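Protein chains in written order, with our numbering: chain L, 10 to 286; chain Z, 22 to 443.
Check before you lean on any hint, since a few could be wrong.
Claimed, not checked - Here are a few chain Z residues that face chain L, going by a calculated C-beta distance under 10 Å: (1) Lys197; (2) Lys198; (3) Asp201; (4) Asn294; (5) Cys298; (6) Gly313; (7) Phe319; (8) Ser328; (9) Val329.
For the record, the hints were derived by calculation from the structure and aren't laboratory data. Bear in mind that the values here come from a model prediction, so they are computed numbers and not experimental data. Idealized CB from N, CA, C, for every residue including glycine.
Here is what each chain is made of, one letter per residue.
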Amino acid sequence: MKSLLLAVLAAYLIAAIHSILAFINKRRSVQRVAEWCIAAGFILHTTALIADWGIDGHYPLFSLRETLSFLAWALVAAYGLILYRYHTHALGVFIMPLISFLTFAAMLIKSGPQAPAAFSTTWLFPIHTTLLIFAYAAFFIVFMASVMYLLLERELKLKTFGAIFHRLPSLSTVNQLATTSAVCGLTLLTLGIATGMIWSSNRDGRIWHNDPKEIFAVLTWLLYFLLLIYRSSADWRGRNAAWLGVAGFALVLCTFFGTRLLGGYHVFGVHILNQLF
Amino acid sequence: MSIVLVGVNHKTAPIEVRELLAFSDEACTDGLRRLVDGEIVREGLIVSTCNRVEILSATTSEQLEFGTERITEFLDTRRHLPQGFLNQHIYSHRDEEAVRHLFRVASSLDSMVVGEPQVLGQVRHAYSLAVEAGTAGRVLNRLVHHTFRVAKRVRTETGIAANAVSISYMAVELGKKIFDSLKGHTILLIGAGEMAELSARHLLNAGASRLLITNRTEESAKRLASEFGGTAAPFEELEKTLADADIVICSTGSPTFVVTEEMVRKSRERRRNRPMCLIDISVPRNIDPNAGNVPNVFVFDIDDLESVISSNIREREREAERAELIVQSEVMQFQQSLRLMDAGPTIGALREKLQDVARTELQRQRKRLGPLTPDQEAAVEQLLMATVNKISHPVLNQMRRFYETSDTETMQELAESFDNED
Chain L
10 MKSLLLAVLA AYLIAAIHSI LAFINKRRSV QRVAEWCIAA GFILHTTALI
60 ADWGIDGHYP LFSLRETLSF LAWALVAAYG LILYRYHTHA LGVFIMPLIS
110 FLTFAAMLIK SGPQAPAAFS TTWLFPIHTT LLIFAYAAFF IVFMASVMYL
160 LLERELKLKT FGAIFHRLPS LSTVNQLATT SAVCGLTLLT LGIATGMIWS
210 SNRDGRIWHN DPKEIFAVLT WLLYFLLLIY RSSADWRGRN AAWLGVAGFA
260 LVLCTFFGTR LLGGYHVFGV HILNQLF
Chain Z
22 MSIVLVGVNH KTAPIEVREL LAFSDEACTD GLRRLVDGEI VREGLIVSTC
72 NRVEILSATT SEQLEFGTER ITEFLDTRRH LPQGFLNQHI YSHRDEEAVR
122 HLFRVASSLD SMVVGEPQVL GQVRHAYSLA VEAGTAGRVL NRLVHHTFRV
172 AKRVRTETGI AANAVSISYM AVELGKKIFD SLKGHTILLI GAGEMAELSA
222 RHLLNAGASR LLITNRTEES AKRLASEFGG TAAPFEELEK TLADADIVIC
272 STGSPTFVVT EEMVRKSRER RRNRPMCLID ISVPRNIDPN AGNVPNVFVF
322 DIDDLESVIS SNIREREREA ERAELIVQSE VMQFQQSLRL MDAGPTIGAL
372 REKLQDVART ELQRQRKRLG PLTPDQEAAV EQLLMATVNK ISHPVLNQMR
422 RFYETSDTET MQELAESFDN ED
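Next comes chain L alone, as it looks inside the complex (with noise of 0.2 Å):
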């Protein structure tokens, strides 16, 4: 298993390694031999996790090992998706690194404890997880689109026309790749969201918990529903919205590594700091 994800993590960094050259000098040749890799990667990685799936025998998307070697596998396949629909190759010199971070990462951790039964054998869990993993990746793609909108744009403004001026999609590209990504991941945090809420009334017949993570949930609901809102209506378009959807980032994050600082019901099992579901 280690050999397999090893190989992974190999394609990955020679895929960011070669995104960010392309980046610099504008390669298609270069970009080319990223998107083997990405490829390459992402098919062993897929092997990866099923083989995980069948050895282990649960779903493999509860220890924290599993959850970045996860949300990694989920940042390859939306970055594919935007590659194919939009061309934004640029993103890939952020994207690839984080993805090669997180899947190194996945290797050092240590398993983690077997789910307890509860969680192995309803349906409805793996649902919830894997819905929230790819809404925490349209959020992620929803950021760096903004951060590179706010890029974009400050060199138009400024009329500097330097190296992310020739780099750097053009303006309404990012900007609706920002607005999809966000309508994709707002969908998925309902559904997410939603499934949740049904397993945990199956559960213990509460829906609340007042736990902190489902706290950061809901109030990031609220602030990417604000930012659609505001996308639609026609006052925020452009820097206003980019600055929204980096500030929603953060609320990502705390939702993402809320229970790991604070607690709450979301936490399972003995080990703590390895849950994060």
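Chain L is already provided as a structure; the job is to place chain Z on it using the hints.
Coordinates of chain Z only, in the frame set by chain L:
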């Protein structure tokens, strides 16, 4: 076969000389027919543009000197120029140098503005004229097609033509940086000037959907509108028109601001905050630079454009260095394929000759074989040919290899060693 290129370009000759030498299309085909005699000059092609007049030809290797002289003379006598007048302007390249020169010209590395796209079309046109005149043969066909391939490689593999290097084209580049695609976007032209018109033309070519034109004098707005297929808008309603425009190009002779910050603010409201790109190419400026403070509005004046252009030119020069490497490797490839093409006849002739020897021997000894059925007859001949081919194959291969490594002398020696028997 040798390739010779003789000509003048913008670096070696002033316009007065270039215009004397320039060829019209008819003059080009006529001239080619006169120049190519099938003896010394075997094939010919004339590239005549405002920046260069170049004659490319294929001659036999032995008469290379003579061929070059003839072409120079041809240029001299066309306009009855005094002997030697062209000497200081003219350059001539042979073989590898000539091939490299043509590759560089077609890839736009030798142009006044490096990376400009027209020159490839001009080379293509020159080739079609040569084909029409019937003076493009085996060598030039191959060379020109290889040239097209090199030019395409340079264009796709380097960023030599990636960034705008003219004011008029900057509008397209900025528009694309903001709106991604110009499709579905509206251009507003305020005032008229050569540069503004050129910008509008580029924007329309790049896919802009609608063009609005406004001018203090309504007639000129209408004239331009009919020329470009746009719509003329009354100048008094500029504020209203502004709200419809995504990209505004302003170039009027007005001494004051035509577009004020206030107008831009209002139109932004009406546009529901959609981004807007204002390009001011007039001096004194016609768009209040403070309009750039309005969110989602981007204002550029002529100095901003100039600064991007100079940075783009530097970028192109960097890319040109990479393009030179591509050209270098392609020149080598072409030289190799040309050598093989030359080797073809020599090797083919030798094989032919050896087979002839076998056939003659068969004729001489035929009687001694007695009567044979047609099948047997064919079998005997086949046997002889197969033996000859099998024996000569390693030698022919060796010759081919010598040719590929450009060791023509050894190849020639090998070929001649078969002649000694006579």
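Hint by hint, here is what the structure shows:
{"no.": "1", "hint": "Lys197", "result": "6 Å, holds"}
{"no.": "2", "hint": "Lys198", "result": "5 Å, holds"}
{"no.": "3", "hint": "Asp201", "result": "4 Å, holds"}
{"no.": "4", "hint": "Asn294", "result": "5 Å, holds"}
{"no.": "5", "hint": "Cys298", "result": "9 Å, holds"}
{"no.": "6", "hint": "Gly313", "result": "7 Å, holds"}
{"no.": "7", "hint": "Phe319", "result": "5 Å, holds"}
{"no.": "8", "hint": "Ser328", "result": "7 Å, holds"}
{"no.": "9", "hint": "Val329", "result": "5 Å, holds"}
Checked against the numbered hints given earlier, this structure breaks none of them.
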